[in-house]
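Visitor: What follows is each chain in one-letter form.
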Amino acid sequence: MEEVDRILIHSLRTCGTEVPEEVQSLRQFNTELIVEAVVRCLRVINPSAGSNLSHILPPGMSARFRIGTSLAQACQDLGYTGEVGYQTFLYSSEPDIRALLIFLAEKLPRHSHEDAHQPAGKSVVLQREIATKIKQQLSLPWLPPSCRTAAAKRSQSLCRLHRFHAQPLSLAGDSSSKSIPPERREYWVKYLPVVSTQLPHAYSLAASLLERNTSDLSAVQEWEAEWKSQGLASRLSPEEYRSRKRQRLQKRIQDQLCRCSQQLAENHVPGPSTQDLVDMLKAFTVEGAADQNKGSRFTHAQKFTHQQDPQVLTEQMQRAAESLPKKDTQDAQEELTSLQQQIEHMEQDILALSENTKLLHLTISQVEEEADKLQQHCDEKEKVVKVKKRAVELLPDAENNLAKLQAMVDSSTQRMANLAGQWESHRVRLADEHRELRKLQQEKEVESSRWMKDVKDLYDKIRASADEARRKEELYKQLVRRMCMEM
Amino acid sequence: MDGAEEGGLGLIVKLPLAECPQFLHKVIDGVCGRAKPRFQDYGSIWNLREWLEVLDDTTTLIKTAVGKDASSNETSDELGGINPEYQEMISKCIKGRKPEIKDALVEKVCAMSSAHLQDFDWQLKLAMSSDKLSTLQMPLVNLDLDIVENGAVAPVSIEMNKEELQNLINSLEAANKVVLQLK
Chain C
1109 MEEVDRILIH SLRTCGTEVP EEVQSLRQFN TELIVEAVVR CLRVINPSAG
1159 SNLSHILPPG MSARFRIGTS LAQACQDLGY TGEVGYQTFL YSSEPDIRAL
1209 LIFLAEKLPR HSHEDAHQPA GKSVVLQREI ATKIKQQLSL PWLPPSCRTA
1259 AAKRSQSLCR LHRFHAQPLS LAGDSSSKSI PPERREYWVK YLPVVSTQLP
1309 HAYSLAASLL ERNTSDLSAV QEWEAEWKSQ GLASRLSPEE YRSRKRQRLQ
1359 KRIQDQLCRC SQQLAENHVP GPSTQDLVDM LKAFTVEGAA DQNKGSRFTH
1409 AQKFTHQQDP QVLTEQMQRA AESLPKKDTQ DAQEELTSLQ QQIEHMEQDI
1459 LALSENTKLL HLTISQVEEE ADKLQQHCDE KEKVVKVKKR AVELLPDAEN
1509 NLAKLQAMVD SSTQRMANLA GQWESHRVRL ADEHRELRKL QQEKEVESSR
1559 WMKDVKDLYD KIRASADEAR RKEELYKQLV RRMCMEM
Chain F
22 MDGAEEGGLG LIVKLPLAEC PQFLHKVIDG VCGRAKPRFQ DYGSIWNLRE
72 WLEVLDDTTT LIKTAVGKDA SSNETSDELG GINPEYQEMI SKCIKGRKPE
122 IKDALVEKVC AMSSAHLQDF DWQLKLAMSS DKLSTLQMPL VNLDLDIVEN
172 GAVAPVSIEM NKEELQNLIN SLEAANKVVL QLK
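One line per chain: the protein sequences are C and F, in this order.
Plus 1108 on top of the position in the first sequence (first one is 1) and you've got the working numbering.
Plus 21 on top of the position in the second sequence (first one is 1) and you've got the working numbering.
Everything labelled a hint here was simulated from the structure, so no lab data went into it.
Don't take each hint at face value.
[Unchecked claim] 25 Å max Cα-Cα, derived DSS-like pairs, lysine-lysine: (1) K47/F x K1353/C; (2) K1261/C x K146/F; (3) K57/F x K1298/C; (4) K116/F x K1286/C; (5) K1298/C x K116/F; (6) K1353/C x K146/F; (7) K146/F x K1241/C.
Here the structure is a predicted model, which is why all the values come from computation and not from measurement.
Throw the hints in and build the complete structure from the sequences for me.
Guide: And the structure:
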């Protein structure tokens, strides 16, 4: 305990509490000292929360009570889980105060010069370097471009600012994994260039690496979160779960696309019912293309045989005769316009004809439908006629035929009863079997859900103990460090 | 493929076999969105017309081979008229880079819409003063969106203050929720 107290008192001193030299353990702390220590720690940990607390204990009882309550509140806000209230400070017990002070000392930020003696991790070194660099640059005054020294140019000119522009990188994966084909491994070994030479601009390297790292990390995190929330509950292996999900998504996308295309078709061709629409579409897709070709060929033929015959030919002859002597640009213009008119005429013809064919197709399908209906009607009537005909044939010898019919009906009922008896015997056996199997299945279900629950509990426990272990490790490291320092 | 002898792919035989993989991997890099091979590195082997043909046909071959998920046999069928050593080399290269090419192609297919976001960048600025106020101290965020529309990149730049940014984030989160529900 004394060791712990010594470390605690040391850290309290470093955060500004004036602990008298003769105080060696927490037992010797009085109320004033406790309040001062807690307030000083709070101020270091969270300056905004600590600034409105006084570190000097007022003489009035109600003021003391108030300060005790607000201190307790501040500690709880920091995440202290132990029992804490105004009585902790005003009527202190040694273990309570020790626990609270240890908690606060852990929350204290490391002092930079204190850290400097200790071996720090790479990221800490980097962060510290960045911080000093920024501090240094901020301390320089801004200079107009023409007055900058070389160092100021480097930090203040805009030419070193680049857009954060990431590009895809090709990185080698885990080559020891069995599922990697040898070709891929060969590419990694022989041809894959170093990351820094993969990009056209060196400045996009950092951005690309950061981006790649972030996307990989977030993909893994997202998968883990999903697996823990839904995957485990579905009781499938990860591969099965993935393929199941892929199938589901594919089906969904397909449905959406189908629906969208249907909507689109409806919007474009407003029809009274979908059946008509489908007919129309069929007509378009199956025969439409051929028809249009046919139509145009037909109009071509028409053009050559009929329309052009007398008038156009004479016109053309005339124009040719005229153009021979004159060879004017105006003539060419006229010819052009007349030809354009011809083309327009022909286009109109084509349009009209294609409209016509569409209409005809519609009528054909309607007529076919009607014919179908009539055929059905006819079939039904034929059946009725057959039955009636048979009855009429049997009518002359009615007595005998009636008796025969009766006998047939009797034998049928007897057979029916027989079959029912047989079925009953089968059914009882099968029902028993079914009931048994269901019971077995229920038992299995119960057992497996119990297993599931166990696994989940175990998982939580593992996580909790990992957290605990990490926390203890940190505490241990801190204590060792302190001890080293003390030595 | 009869045209392979004269066409672009047949010309690949001009390249020494040892340099072939390097060239192919460069082409694949180009497919994956990085630097393509440069003409000045290969100018001594092909003239400009041949170069364009070779590059074009190789790219197409790689894309179709991975796009159709063809096995190496089918790929070498396509390469009919070429020296078998080269054939083997080409299918080896394609096989080695398959996952990357596939990712690049899938991304391209996903981007198939009227407009899509290719890249974004943001900067945080502190406006010290304005033309009306001598001290403003207002943080402003500058969001740049690179939007590809009909194959051309159209930059869109938005400057927002705190509330506007919060609005944007809220609407994006709502959109994300809808997307999650679709899954």
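Visitor: Hints first: check each against the structure and report whether it holds.
Guide: Tested hints:
Simply put, K47/F and K1353/C have alpha-carbon atoms about 35 Å apart, too far for the 25 Å limit, and the pair is violated. Using a Cα cut-off of 25 Å, the hinted pair K1261/C and K146/F holds, with the two alpha carbons roughly 21 Å apart. Among the hinted pairs, K57/F with K1298/C is consistent with the structure: their alpha-carbon atoms are about 19 Å apart, no more than 25 Å. Taking the CA atoms of K116/F and K1286/C, the gap is near 16 Å; set against the 25 Å cutoff, the hint holds.
Note on K1298/C and K116/F: the hinted pairing holds, with a Cα-Cα distance of about 15 Å set against a maximum of 25 Å. Restraint check for K1353/C and K146/F: the C-alpha separation of about 43 Å exceeds 25 Å, so the hint is violated. Under the criterion of a C-alpha separation no larger than 25 Å, the hint pairing K146/F with K1241/C is consistent with the structure, at around 20 Å.
Taken one by one, the earlier hints fail for this structure at numbers 1 and 6, listed in ascending order.
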